[in-house]
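Asker: Protein sequences, first through last, are from chains Y and F. For what it's worth, the numbering used here labels the leading residue of the first sequence as 1, then goes sequentially. For what it's worth, the numbering used here labels the leading residue of the second sequence as 1, then goes sequentially.
Each hint should be verified, as a subset may be incorrect.
Because identical chains cannot be distinguished in the list, a pair is counted as satisfied if it fits within a single copy or across any two copies.
Stated by the list, open to error - Straight-line distance between alpha carbons at most 16 angstroms, and here's what the computed EDC-like set of lysine to aspartate or glutamate pairs gives:
#1 K418 to E222
#2 K160 to E199
#3 K160 to D200
#4 K386 to E312
#5 K386 to E94
Don't read these hints as lab results, they were simulated from the structure. Values in this document were obtained by computation on a predicted structure and should not be read as measured data.
2 protein chains.
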Amino acid sequence: MTEPEESPQDTEEALNSLLESEADNDQVDQFLDELSASDAARAVSRLDWEAQERLLTRLSPSQAAHLVVELCEVQAAGLLDGLDPSAAAEILHELPGDERVDLLSELPESSAETILEEMSPEDAELSRRLGAYDSDSAGGLMIAELVTYPAGATVGDVVKDLRRQATVYRDYQVQYLYIVDDQSRLVGVLPLRRLLQAEDDTQVDEAMIPDPLTVLDQDTLEELIDFFDRHHFLAVPVVDADGRLVGVVHNEAVNEAEHDRSDDDYRKASGLVREELRSMPLLLRSRRRLSWLSVNIVLNIVAASVIAAYQETLAEAIALAVFLPVISDMSGCSGNQAVAVSMRELSLGLVRTNEKRYVFIKEASVGVINGIMLGAMVAGAAYLWKGNPYLGAVVGLALAINTIIAVIVGGIVPLVLKHWGKDPALAAGPILTTVTDICGFFLVFALASGVLDRL
Amino acid sequence: MTEPEESPQDTEEALNSLLESEADNDQVDQFLDELSASDAARAVSRLDWEAQERLLTRLSPSQAAHLVVELCEVQAAGLLDGLDPSAAAEILHELPGDERVDLLSELPESSAETILEEMSPEDAELSRRLGAYDSDSAGGLMIAELVTYPAGATVGDVVKDLRRQATVYRDYQVQYLYIVDDQSRLVGVLPLRRLLQAEDDTQVDEAMIPDPLTVLDQDTLEELIDFFDRHHFLAVPVVDADGRLVGVVHNEAVNEAEHDRSDDDYRKASGLVREELRSMPLLLRSRRRLSWLSVNIVLNIVAASVIAAYQETLAEAIALAVFLPVISDMSGCSGNQAVAVSMRELSLGLVRTNEKRYVFIKEASVGVINGIMLGAMVAGAAYLWKGNPYLGAVVGLALAINTIIAVIVGGIVPLVLKHWGKDPALAAGPILTTVTDICGFFLVFALASGVLDRL
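Turn these sequences into a full structure, and let the hints steer you where they fit.
Answerer: Spelled out as structure tokens, the structure:
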């Protein structure tokens, strides 16, 4: 499996010089073909924005489509957005229906509309219909390319037709055939295996699995995850409200959507509101990061105003200033662990948004133990430094109590946010650190006030 | 798809009272059967540890196995560990080979060994053989249950055999047949679709796809991701160094492993060294969280010692103390965004561990813009509060410079850690915040020293 690795710089330079040279488009295409998907994506992303667009326009639509599917959606959409709408429409025409819709949904609405107008009426109609589904619903995750047969056909007819259409169906990865009545309503599913095992003159009605399980086109990702949890199927047919077969959702598409969502959680918890790749233009990247940072700095300054309010206390016991960032940071760490456990249990379905009492009890007990341990450590450090047991007691007790607060807040905030329909990955961190900073600073000064003459 | 939801408390109580009552085991089993996988997992995880074990021993091995696969691995392994080894072996016997190995690998080594000794020699041998593979290698991700035929057979023979063995193969989800020579070496792959389209007297050698692409049992997850990136296959056969067919890796298993890894990244970045569920015993949970927190608090105290060193400067300009936690926290936030982008680009293959210069340039430019913006905000806040332009200039400039340092360090540290074979998800955060705290505190005091009489 291992192949000799070219250094990425070499790949980038080779691609750049190919583009600048008079090399014909076939040569460019062949060069890209020889790279793995990730090498091609990396090489292309290292080109500057205009060179990337020039590259796309030099390839034929089908070659360009081949490249586009290998890029991340966010990058591919950015590139299409920069192209002439009719060129973008031609490239999209080459993609399967579901991928086309995914890319269109990443584009600004006005660009998507302009490109749709350049498409053939059929492509545009299908794209609009699929695009109307929420991207994380069964309709948004399904593929619309199916092989269907009428209920009256015989096994022999079907086998003959499959042989005849071999080339048409080659790209379909057919594993199941779908049997429909004259209203396009699904009446059965016929796995290829069963077809093989049946005699030629059997009617498909008899060989098929009748009344198969289906999902509704409006079903959510959670419902699909639950479905594939209960049933170890590779795929499930999707019907609309009238029972008409509209597509098939593969377990793999559901897994991928779940995967994307947890990738998203990590990204958002780190403060990236929208996806960022380093190949994007500088100002866009900077803006995407700042949107979250500027909310955060305001919250930070609000929390810091607690210190400002106690400035006189601080002046009398300047040693406290050393421990304020430690308490702020450690409470944040402890609380974020609880956030991560809640996010994970929410996504596994092990905790529900209304179970705040359960989370409270579970977190409070961890908080007591870890609060005592961390408090003792910071108290010990303070005592070793200044030889003052009162200083140790103040900062140790403040951290201990604040750890308990932090894990409880951290555990519960994701449940509350999710209950309100807000995105816990994005907001839980800032809310947590603001609350724990305010409480932590306040605790230090409140405890210090009582023994100020001994600090 | 939506079914009436019982509140989780009800489910838990119903299960508890079933267990305490004299209900026979079938009733317990039927109760669990009616729940979805996640409902069952949640209800079981709410029982206390001993009740969970009692539940497992009351079910037949195959019923228990059915429940075990629905739980998270970490929870299932914990339960098996508490059971009598022979009971655990009986339950494991009911699981497919790959799931059995996954669970054994989650157990402490000594428990796994005791359970292996209770297994049948064949089960134990297969488990040891599969267990020897790294869990993220092709050998660790493959399934060993395959349908193979000798190269000499005809399509008619194969179809007849498939019909005869229908019940045996029912659980195999057969889509491809594997054609081997007399040394068990793989010579071809025969998709069911091709079998259907071939005439009965054709030899499988002619119908099959000869010399199919394969992966080696030692190939890594990265190599498999790259393989399925290049080739849109549902599965790929796995061979050992001698070319013998040993299993099949499904694209789905690779996706799931990739998914688990990114779930892991989020968890680790939040400071959970090992997976935690709230159903685990309190002390275990507390210990798992503390292992990371106690390293972190030491690093925090080291960073805070910079403040201690400048205590006298601080006493002369106490207002600086208000901004120290702001600068510490905001630099951490900016740096963590860069960490998340690097982690994502590493996992997408868009950046390699040796491309520090590329990341440096890309991050430094974002850092300059965002540093100026954030510095201006904190400078403005300081000026508004105290009306002192020098205070504003000191804290604003410190945050601006430290933001640039933070994004560069945050962007590069994951590359360096990965290059050294360390886990970036776990270590990048603590390293980043320690470096940025030290630099940030130092910058504040160094800049302040120059204008101390004006603060």
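Asker: Output the numbers, in ascending order, of every earlier hint that fails for this structure.
Answerer: 5
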